[in-house]
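**Q** Taking the hints into account, I'd like the entire structure generated from these sequences.
In terms of the numbering used here, the sequence shown is residues 1 to 86.
None of these hints come from the bench; they were simulated from the model. We put the CB at the ideal spot given by N, CA and C, even for glycine. One thing to keep in mind: the hints can contain errors.
The calculated lysine to any residue pairs, modelled on SDA-like cross-linking and capped at a C-alpha distance of 25 Å, are [said to hold, decoys possible]:
| no. | residue 1 | residue 2 |
| --- | --- | --- |
| 1 | Lys4 | Leu38 |
| 2 | Lys4 | Arg40 |
| 3 | Lys66 | Gly52 |
| 4 | Lys27 | Arg42 |
| 5 | Lys30 | Pro13 |
| 6 | Lys27 | Glu39 |
Computed Cβ-Cβ distance ranges for the label pairs, DEER-style [stated by the list, open to error]:
| no. | residue 1 | residue 2 | range |
| --- | --- | --- | --- |
| 7 | Asp17 | Arg73 | 45 to 51 Å |
| 8 | Glu39 | Ser62 | 38 to 44 Å |
| 9 | Gly78 | Ala57 | 24 to 30 Å |
| 10 | Glu68 | Ala2 | 47 to 53 Å |
| 11 | Pro13 | Glu48 | 27 to 33 Å |
| 12 | Ala22 | Glu68 | 50 to 56 Å |
| 13 | Trp58 | Leu12 | 39 to 45 Å |
| 14 | Arg11 | Ala64 | 55 to 61 Å |
| 15 | Leu12 | Leu61 | 44 to 50 Å |
| 16 | Pro13 | Asp59 | 39 to 45 Å |
| 17 | Leu53 | Lys27 | 38 to 44 Å |
| 18 | Glu41 | Arg11 | 17 to 23 Å |
| 19 | Met50 | Lys15 | 32 to 38 Å |
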Amino acid sequence: MATKEAQINLRLPAKLDAWVEARAGGKRDKPGFVRQILERERARDEEERMLGLFNAAWDSLSAAEKAEIREAREDLLGGYAGGART
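**A** This is how it looks when you write it as structure tokens:
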């Protein structure tokens with residue numbers, strides 16, 4: 001059985017409503033456009049959360065572990081990993 005989607009009712013100022021309608025390509029496409037905006041924002045939040053996790057993991061490494069990772073990355077990417085151009 002499919003899950004039922006939640007429905008919300010938004011009241012927008014006239015200028016914002018006109019902008020949404022213009023960006024959506026018409027009055028009928030406004031709900032889909034608003035849904036896309038919300039989904040993009042949710043994905044952005046998730047990316048920020050993941051980046052925070054990766055940064056925390058990196059910060060938890062010792063200097064020797066970080067150096068080892070950098071060396072392995074440079075070996076894989078060649079001179080471009082360190083910003084050097086050959």
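**Q** Next, verify each hint and record whether it holds.
**A** To see whether the hints hold, each was checked on the structure:
With a C-alpha separation of about 18 Å, the suggested pairing of Lys4 with Leu38 holds against the 25 Å cut-off. Straight-line distance between C-alpha atoms of Lys4 and Arg40 comes to about 21 Å, which keeps the hinted pair within the 25 Å bound. Distance restraint check for Lys66 and Gly52: the Cα-Cα separation of roughly 17 Å lies within the 25 Å cut-off, and the hinted pair is therefore satisfied. At most 25 Å may separate the alpha-carbon atoms for a hinted pair to count; Lys27 and Arg42 meet this at roughly 24 Å.
Simply put, Lys30 and Pro13 have alpha-carbon atoms about 14 Å apart, close enough for the 25 Å limit, and the pair holds. Taking the CA atoms of Lys27 and Glu39, the gap is about 20 Å. The hint holds against a cut of 25 Å. Separated by about 49 Å at the C-beta atoms, Asp17 and Arg73 satisfy the suggested range of 45 to 51 Å. At about 39 Å, the beta-carbon gap between Glu39 and Ser62 stays in the expected band of 38 to 44 Å.
At about 25 Å, the beta-carbon gap between Gly78 and Ala57 stays in the expected band of 24 to 30 Å. Between Glu68 and Ala2 the C-beta distance comes to about 49 Å, which sits within the given range of 47 to 53 Å. For Pro13 and Glu48, the Cβ-Cβ distance of about 28 Å falls inside the hinted range of 27 to 33 Å, so the restraint holds. Take Ala22 and Glu68: their Cβ atoms lie about 53 Å apart, and the range 50 to 56 Å holds.
Take Trp58 and Leu12: their Cβ atoms lie about 42 Å apart, and the range 39 to 45 Å holds. At about 58 Å, the beta-carbon gap between Arg11 and Ala64 stays in the expected band of 55 to 61 Å. One distance hint, 44 to 50 Å for the beta-carbon pair Leu12 and Leu61, holds here, with the actual separation near 47 Å. Distance hint check: the CB atoms of Pro13 and Asp59 are about 44 Å apart, consistent with the given range 39 to 45 Å.
One distance hint, 38 to 44 Å for the beta-carbon pair Leu53 and Lys27, holds here, with the actual separation near 41 Å. Against the hinted window of 17 to 23 Å, the Cβ-Cβ separation of Glu41 and Arg11 comes to about 19 Å, which satisfies the hint. For the pair Met50 and Lys15, the supplied restraint of 32 to 38 Å holds, since their beta-carbon distance comes to about 35 Å.
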